[in-house]
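Colleague: If you want the building blocks of each chain, they are given just below.
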Amino acid sequence: MIVKYLLAALVAGLFSGALMTVAQEARVIPLILHAEEFEGGDEEPAAPGAEAQPDASHEHSALGIGATMSEVAAYFSPISVAHAHEGEHEDGGIMFGMSRFSGTLLANLVTGAGFALLLAGVSLVTGNAITVANGALWGAAGWLAVHLLPAIGLPPELPGFPAADLGDRQVWWVATVVLSAVGLYLLILKDGIAAKVAGIVLIGAPQVYGAPQPADIASNVPAVLGAEFAVAALATTLFFWVVLGLSLGFANEKIGVSEKVAAKAA
Amino acid sequence: MAASNVSSVSLSLNDRLYAGLVALLLGGFLVFGAGLANSSVLHDTAHDTRHSYGFPCH
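These protein sequence lines are chains U and X, in that order. Just so you know, we're using numbering that gives the first Met the number 0 here: the first sequence kicks off at 0 and counts up by one. Just so you know, we're using numbering that gives the first Met the number 0 here: the second sequence kicks off at 0 and counts up by one.
Since the hints were made in silico from the structure, they are not lab data.
Here's a subset of chain U near chain X, in silico, CB distances under 8 Å, partners left out: (1) I31; (2) G120; (3) W172.
Cβ atoms here follow ideal geometry from the backbone N, Cα and C, with glycine treated the same way.
Build out the structure end to end from the sequences listed, making use of the hints.
Modeller: And the structure:
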């Protein structure tokens, strides 16, 4: 019984993650690749030797499916990930020697399953079922909590964008997602003026507190690319969440139907 | 008995909370691994996903 609900979430998440990969390849990945041509200015303390390289070419050399040599060599490099702006494809290496696309697909499937489980978990814990009829709204609420509201403080970044300390941003991001989700729950699903006010306060609190910002906002990446990317990232994630909400509603209703059939048969 | 079906999720309260908490923990773990974990292999594999989803990256 319980497992069935988790399986429904997994199926919906994997499906949405696969579709998200298509949307990403169409709208987002080209902008990331373009931005990487400008990445690697002077804002990062690069490893000795790395900064002598020209901005453009070395990132792309590791992108091809066949270019595993540099990845393997880079696997043993001691540069920490926190300083990986220059050579992020040269210090960790993609899992199992996969191509960049396979890595992205795998990550999208994992992320899709993860968000689907979180959405299903909120639905189960609060006792509000996700159906085909309200699935798109659940998805939209998830998008608001995980993407749009955090993006007010931390817009989706392209590689090469200046940013504050990674740990600070992650803490603010996670706190904002959680507070926004709880706030949206109080605002949308709870009755009573006190709950609505508390919801608005929770949603507003992290924005008033403010996201960690970089001291220096100069970047080699053209601003037009950043604007296009921010819109593309928010649009594709909205697509992902609406698909996720609808498919989760569909999967839940399938479970409900099969249970009624089983109950009749018993 | 008529009042027992207010929640439209057809599980008993305990089962529902249990399933929900398991889903939240598992989902949080997966999202953390793909989006936030500070491992260079995970970072590089999920790099484009992290940027596309607007996770804080780098």
